[in-house]
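Put together the whole structure using the sequences plus the hints.
Protein chains in written order, with my numbering: chain A, 135 to 359; chain B, 38 to 265; chain C, 5 to 255.
Hints may contain errors.
Said to hold, decoys possible - Example chain A residues on the side facing chain B (calculated, C-beta under 8 Å, incomplete):
{"no.": "1", "residue": "P199"}
{"no.": "2", "residue": "T293"}
{"no.": "3", "residue": "F324"}
Said to hold, decoys possible - Here chain B is said to cover these stretches of chain A; the calculated rule only asks that three of the stretch's residues, wherever they fall, bring their Cβ under 8 Å from a Cβ of chain B:
{"no.": "4", "stretch": "303 to 317"}
{"no.": "5", "stretch": "331 to 337"}
Said to hold, decoys possible - Listed below are the simulated DSS-like cross-link pairs for lysine-lysine, each with C-alpha atoms no more than 25 Å apart in a straight line:
{"no.": "6", "chain 1": "C", "residue 1": "K243", "chain 2": "C", "residue 2": "K190"}
{"no.": "7", "chain 1": "B", "residue 1": "K93", "chain 2": "A", "residue 2": "K340"}
{"no.": "8", "chain 1": "C", "residue 1": "K88", "chain 2": "C", "residue 2": "K36"}
{"no.": "9", "chain 1": "C", "residue 1": "K106", "chain 2": "B", "residue 2": "K152"}
No lab work stands behind these hints: they were computed from the structure.
Note that the coordinates shown come from a computational prediction; the quantities given were computed from them, not determined experimentally.
Cβ atoms here follow ideal geometry from the backbone N, Cα and C, with glycine treated the same way.
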Amino acid sequence: MDALSILIDWSSYIATGIATTLGLVLIALGLGVLLGLPMALGQVYSSRPVRWAIGIYVWFFRGLPILVLLFLFWFGIFPGIGLGNVPAFVVGAIVLGLRGAAYQSQIFRGAIQSISEGQMIAARSLGMSRFTAIKSVILPQAVRIALPGWSNEYPNMLTDSAVCYAIGITELLTVTSRIVTQTYLTMPIFLAAAGIFILLNYGGLKILHALERKIEIPGFGSGAV
Amino acid sequence: MDQFTFIFDILLPALMQGLVITLQLIVCSAPFGLVLGIGVAAGRQYGGPILSRICKMFVLLIKGTPLLLLLFILYFGLPSIGITLTAFTAAVIGFILCNGAYNSEYIRGALLSIKDGQMIAAQALGMTRAQAIRNVILPQALRRAIPGLSNEFIYLIKYSSLAYMITVVELSGAGKNVATKYFIYTETFMVVGIVYLVLVTITTVAVSILEKHVSVPGTSRSTSAAQM
Amino acid sequence: MNSNNIVLRVEDIHKSFGDKEVLRGISFDVVKGETKVFIGPSGTGKSTLLRCINQLTIPDRGRVWLDDEEITNSGTRINYFRQKIGMVFQNYYLFDHLTALKNVELALLKVRGMNKEEAREKALTELRQVGLEDWADHYPAELSGGQAQRVSIARALAMDPEVILFDEPTSALDPELTREVLEVMKRLAQQGMTMLVVTHEMGFACSVATEILFMENGVVAERGTPDLLTHDPQFTRMKNFIGQFNSYRGG
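Here it is, written out as structure tokens:
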């Protein structure tokens with residue numbers, strides 16, 4: 135029970151680690167939607183050069199390891215453009231978000247492309263502008279189709295956030311290894327951290343799946359899956 | 038020193054050494070990751086209630102734990118209970134576990150997509166369940182799992198960089214060392230990134246060749262339909 | 005040994021799925037070279053009966069013997085019996101990743117342990133037997149339904165079975181393709197193959213069967229030679245069934 139009492143002693147530190155991890159994940163996921171959705175629309179609806187540019191962005195951010203991206207932005211790009219004082223947390227959230235956008239844009243793109251052309255034609259025949267048609271007809275459907283795939287970005291993002299350890303963000307893994315070096319209580323601490331990650335992982339997924347059911351439209355989408 | 042000399046005389050030679058380690062990591066992990074994936078998927082699908090539950094639990098635990106934490110447990114944690122691994126071995130074991138868990142999900146999905154009739158027909162010819170799985174079910178399932186498995190292989194290439202966090206100086210680590218020594222960060226990590234992009238792109242091309250090579254009329258069509 | 009040449013003996017087979025009793029005590033003997041045809045309304049357990057014979061479905065009660073050796077409760081020896089009892093399925097169940105030739109070869113290599121040349125030779129012979137030698141290198145997806153079913157017959161034949169079970173072999177085929185499969189089966193019967201056939205093809209039943217068994221509600225309701233069944237006024241239920249069937253088929 136030694137281990138348990140140590141864990142309790144350090145519980146508030148662990149709590150800040152959890153909060154930081156969740157903060158990283160939520161900001162990055164939000165940033166991913168904010169960038170990924172327009173990128174998806176751009177890849178489907180806009181001109182060739184724009185599609186090309188987005189394609190290169192996606193190729194780059196999906197092709198590089200998260201560790202290399204973090205190093206690149208933290209040591210290279212941010213200081214290079216005079217933003218060396220930006221806290222690691224912000225850089226980490228931005229990098230995770232930029233990378234998430236690359237992955238999410240492909241989920242959204244697939245969803246948009248799965249919607250039949252008739253939807254757009256019907257909307258335009260009612261006098262809607264292209265923009266209105268996308269906003270009121272295409273996107274509400276696409277988002278519902280994309281949601282199951284999108285939910286899976288959460289566990290990916292959560293496990294990736296641990297790599298932010300490498301640039302010194304005091305998220306859960308950093309907190310864990312600091313406690314380990316302070317207490318020499320190695321395995322119990324590591325396993326407790328794994329347990330917390332697993333709980334966050336499946337707990338979060340449960341919430342997301344509940345959300346999916348909430349915005350479900352009867353009969354819709356079953357064909358797409 | 039200009040950029041050109043830096044990249045070609047200093048950076049690239051260092052990265053080459055790192056690349057060799059990265060490739061070693063991948064070559065040591067990928068085959069066992071595939072075997073583990075097949076074993077876990079088969080255990081979940083065809084094992085008894087106990088084995089299938091163990092396999093399911095394994096996947097759940099590994100997928101829920103960040104790979105970096107898993108590497109820490111293997112390299113920094115295990116010595117405290119008397120098991121000391123070299124950093125390289127710890128990394129490879131971590132990659133095998135992680136790769137195997139994710140692979141098993143794709144293989145299981147593919148196993149589920151094989152119709153019952155295939156097993157029934159094989160058994161009707163006198164094959165044991167094991168023979169039927171090996172000769173009839175798996176060859177079909179693995180073909181269908183190729184897109185997913187190749188995705189996981191690409192993840193393995195990228196996540197092999199995490200070995201650096203437990204002191205294996207592979208590609209990313211080699212880059213980091215050079216960058217820190219010469220204070221040249223952006224260029225260094227861009228070049229490192231490009232090497233990864235090349236690896237990933239080569240893999241993508243190789244996989245599409247492989248897929249064409251092993252494709253069977255009729256089955257690949259159902260694969261792409263299932264992927265949608 | 006076996007003076008009256010009984011190859012297969014089925015005794016008192018019972019099978020339920022949940023609380024639905026599908027088979028309620030079926031018994032019959034099959035003599036070497038015989039073609040027994042099972043007919044009757046769908047859902048009366050004909051296919052289940054065939055699967056109970058080679059233990060792909062385990063019967064709740066009853067026993068089955070092949071050449072005086074018990075199949076039921078035979079443990080791992082069941083794989084030996086399954087080699088000796090061929091089976092042909094409604095949906096062919098060809099191995100989708102293998103060519104026609106490899107479909108026929110596979111069990112020869114893996115179950116009978118033949119070497120490659122032997123297996124290939126044998127597989128080609130069987131494909132020739134069903135008229136598909138030229139299609140040996142085609143994959144199942146490239147074959148018509150009739151061709152696929154003939155390959156599956158060749159696959160069963162390759163094991164040199166003592167008896168072949170046909171489970172509605174033509175139900176998934178249109179009439180044109182049905183004919184080519186029935187012709188192969190007819191020829192097999194003439195060559196002396198022992199066959200158990202579940203089918204709705206009355207023409208085939210009447211011309212090829214040595215005995216027709218009419219199944220209803222999980223039991224054999226009426227049985228006899230085709231001649232007897234079609235001419236003896238005693239067999240009313242089956243005649244009704246055939247009458248309905250023909251009018252349903254528009255024939």
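Flag every earlier hint the structure violates by its number, smallest first. none
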